[in-house]
Structures are given as structure tokens and as C-alpha cells.
Amino acid sequence: MRTRGAILLANIITGLALGYTVTNIGFGDFAALNRMFTFQDLRMLLSFAGAVVILVCAFALLRVRRTPGRIHAGVIPGAVLFGTGWAISGGCPAIPIIQVASGYLPALITIVGVIVGIRLCRWANARYFHLDRGSCGL
Amino acid sequence: MSTYWPWWAGAIGLALVTINHTLITDRSLGVSAAWDRVLHWRRERELERMDEEFADDQALAAALAAATAEHFGTGTGASTAPQAPHEKAQPLEADTESAASERPSVTSLRPAPLVTQAALLMSIFLGGFIAAVASGRFHLRYDMGPGFRDLVTADSTTMIAMLFVGGVLVGFGTRLAGGCSSGHGLSGCGRLRPVSLVATAVFFGTAVAVSFLLWKVI
Numbered sequence: 001m002r003t004r005g006a007i008l009l010a011n012i013i014t015g016l017a018l019g020y021t022v023t024n025i026g027f028g029d030f031a032a033l034n035r036m037f038t039f040q041d042l043r044m045l046l047s048f049a050g051a052v053v054i055l056v057c058a059f060a061l062l063r064v065r066r067t068p069g070r071i072h073a074g075v076i077p078g079a080v081l082f083g084t085g086w087a088i089s090g091g092c093p094a095i096p097i098i099q100v101a102s103g104y105l106p107a108l109i110t111i112v113g114v115i116v117g118i119r120l121c122r123w124a125n126a127r128y129f130h131l132d133r134g135s136c137g138l
Numbered sequence: 001m002s003t004y005w006p007w008w009a010g011a012i013g014l015a016l017v018t019i020n021h022t023l024i025t026d027r028s029l030g031v032s033a034a035w036d037r038v039l040h041w042r043r044e045r046e047l048e049r050m051d052e053e054f055a056d057d058q059a060l061a062a063a064l065a066a067a068t069a070e071h072f073g074t075g076t077g078a079s080t081a082p083q084a085p086h087e088k089a090q091p092l093e094a095d096t097e098s099a100a101s102e103r104p105s106v107t108s109l110r111p112a113p114l115v116t117q118a119a120l121l122m123s124i125f126l127g128g129f130i131a132a133v134a135s136g137r138f139h140l141r142y143d144m145g146p147g148f149r150d151l152v153t154a155d156s157t158t159m160i161a162m163l164f165v166g167g168v169l170v171g172f173g174t175r176l177a178g179g180c181s182s183g184h185g186l187s188g189c190g191r192l193r194p195v196s197l198v199a200t201a202v203f204f205g206t207a208v209a210v211s212f213l214l215w216k217v218i
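Chains as they are written, first to last, in UniProt numbering: chain A, 1 to 138; chain B, 1 to 218.
Calculated directly from the structure, the hints in this document are not laboratory data.
Fair warning: there could be bad hints in the mix.
[Claimed, not checked] If you want a taste of the chain A side facing chain B, the calculated C-beta under 8 Å gives, among others:
(1) 61
(2) 69
(3) 83
(4) 100
(5) 113
(6) 121
Small disclaimer: the values here were computed from a predicted structure and weren't measured.
From the three backbone atoms N, C-alpha and C, an ideal C-beta is built for every residue, glycine too.
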């Protein structure tokens with residue numbers, strides 16, 4: 001069990017490194033993102049896929065958790081909604097933050113939308129879906 | 001203005017960030033989960049408080065035994081088996097499944113403290129700002145750039161509406177699916193979790209389809 005201070009410091013380092021890396025890859029640039037999704041430019045796609053390949057090898061070597069996970073009813077519709085929103089707004093949950101940090105002020109609207117969407121999902125799930133959605137990140 | 005990093009540098013950077021976070025914190029990286037917890041901070045703080053209250057299983061078992069003894073007037077009737085600590089309303093499947101098969105140093109049953117998730121989000125902003133300024137890309141803009149203008153809309157009112165709707169879809173979708181590009185895409189796929197592989201394939205495939213529509217059709 002890690003201490004609270006260690007986790008706080010690790011999250012600060014992770015946030016700084018993630019923001020720095022993702023900005024320098026170009027994920028905050030809508031045009032570059034669209035070129036990735038339409039396969040006009042494979043650089044960002046290779047960055048993401050290359051990271052996954054490295055992670056698979058590293059996690060296997062380090063014997064980091066190999067949980068099977070559970071494909072619940074919300075996974076596919078949720079992923080469809082996320083993919084649509086990502087393509088339209090150019091932002092996944094981290095990207096609007098770095099867009100604002102890069103000077104794209106309208107990305108604040110995306111952040112507001114993300115906040116509304118997350119709160120709406122928890123409300124709708126508690127009231128209607130009753131899905132055990134799990135979580136990838138803690 | 002400098003160019004973006006080559007793909008291999010981006011791949012190494014993303015992988016190192018994820019590996020570093022996993023090894024130091026014992027937890028998966030997930031930005032949408034951090035958003036979720038920060039936005040529902042009242043409830044999360046209450047859950048944290050209850051977690052702390054019941055963190056010591058032996059103390060909890062002793063307290064239950066004492067309470068039972070007080071109630072029934074005997075000290076032998078109570079079970080001394082440690083009870084499971086308080087569980088969150090939404091069980092965190094990534095941490096509860098097959099924990100025994102994992103290396104002890106990279107497993108954890110408790111979510112990271114709430115304040116650390118807020119720090120993660122703020123640090124992402126700071127890291128992005130440093131990168132933008134250092135690379136000469138930082139410019140205050142009132143639009144989303146020529147790409148958005150050409151592919152989605154050049155009208156400012158429509159832009160606001162599209163960004164808001166897109167944001168809502170992202171927020172709702174990532175939480176319904178249980179993760180986003182960092183949680184499912186990097187951490188989950190890195191662990192070869194079927195749910196993450198499916199989610200990543202679906203959200204990436206959908207983004208490809210919608211982007212082709214934006215590029216070729218609209």
C-alpha cells in the first residue's frame with residue numbers, strides 16, 4: 001500500500017508528463033486528430049499503438065495485473081458515444097484540458113460538456129440502467 | 001513553431017507515463033475515472049471517510065466483537081473473522097478480479113485519494129501549458145483552429161453547440177463504457193483486458209467512421 005503523499009506526487013508527475021507528452025504528440029490539434037482517424041497521417045496512430053505494444057510487453061514482464069474484465073451492457077454503447085464525441089469535439093477526457101492549455105479557449109465548452117455528460121451518466125445509471133460499469137482508472 | 005514528436009517518441013512517452021503511474025501508485029491510469037471522482041467529490045469524500053473508518057480489519061472485527069458482547073452479554077459469541085472493508089457503491093472490477101494472481105506490489109483494493117485525482121487533472125493542464133509554451137505553439141484563440149473550421153463548422157454558435165454536444169457524448173460515453181483512451185486504451189489494452197480491447201476497438205472504430213463522414217461527406 002502506497003502512502004497518500006507518494007500517490008499525490010506520482011499523480012502530479014503523471015499529469016505533468018501526460019499533458020506534456022500528449023500535447024507534443026499533437027492530440028490537441030483537431031486537424032491532426034482528424035488526419036489520424038482518417039488514416040491520412042499515421043504518426044499519432046503509431047504513437048498510440050506503439051505505446052500499447054510497449055505496455056503489453058512491459059506489463060507482462062512486470063507481471064502487472066492480468067484481469068479478464070467483464071464486457072457489461074454499457075461498454076459498446078458507451079464506446080460508440082465516446083467515439084462520436086471524440087471525433088466531433090476533438091477531445092477525450094484529457095484532451096480538452098490540454099487544448100485550453102494550448103490556448104484553444106472554446107475547449108472550455110468541451111470541458112463543460114464532459115462534466116455534464118459524466119454527471120448525467122451517473123444519474124442515468126443510478127436511475128435507469130443499474131449497470132455495474134466498473135472502472136479502468138483509480 | 002516546432003513540429004510534433006515522431007511516432008516512436010510519442011509511443012515511448014505514453015508508455016513511460018503509464019508504466020510509471022502503475023508502478024508508483026499501484027493503480028491504473030484513467031483520466032475519465034479521475035473526472036468522475038472529482039465531480040462527485042461529496043459522495044467520494046464520504047466513501048473515503050467510511051473507508052478510513054473501516055480500514056483496519058482487525059480493529060473492525062474487535063469492535064464488532066465488543067459490540068456483540070455488549071449486546072448479548074457474552075464475549076464468546078462474536079465471530080473474530082475480519083470483515084470485508086466497506087465497498088464502494090460501484091465495485092471497481094479492475095481491482096477486485098483475480099487479485100490473487102497479481103504481483104502484490106501492483107495491486108490495491110482502494111481507490112486513490114480524491115485529492116490526488118484532482119491533482120492529476122490540474123497537472124495535465126500544467127504539463128500541456130509547459131509543452132505548448134516551450135514549443136512555441138501557445139496562442140490564445142477563440143476558435144478550434146482551421147481543421148475544426150473546415151471540417152465541422154465555421155459558425156461560432158454552431159461551434160459552441162458542437163463542442164458541448166461532443167463533450168457530453170465523451171463524458172457520458174466514457175463513464176458508461178467504464179473508461180476512456182487512457183483507462184481502456186492504454187492501461188486496459190496494455191493488460192490485454194478483453195473489455196478494454198472491445199471498448200477501444202469500438203470507440204476508435206466509431207471515431208474513424210465519424211471522422212470520415214466529417215472529412216468526406218459533410
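Comparing the hints with the structure gives:
Using the Cβ-Cβ criterion of 8 Å, the hint placing residue 61 of chain A at the interface with chain B is not satisfied: the shortest such distance is roughly 10 Å. With a cut of 8 Å, the hint placing residue 69 of chain A at the interface with chain B holds, because the nearest CB-to-CB distance is about 3 Å. Taking 8 Å as the C-beta cut-off, the interface hint given for residue 83 of chain A holds, the closest approach to chain B being about 3 Å. With a least beta-carbon distance of about 7 Å to chain B, the hint placing residue 100 of chain A at the interface is held under the 8 Å criterion.
Interface hint at residue 113 of chain A: satisfied, since its Cβ lies 2 Å from the closest Cβ of chain B, which is below the 8 Å cut-off. Taking 8 Å as the C-beta cut-off, the interface hint given for residue 121 of chain A holds, the closest approach to chain B being about 4 Å.
The structure does not agree with numbered hint 1 stated previously, though it agrees with all others.
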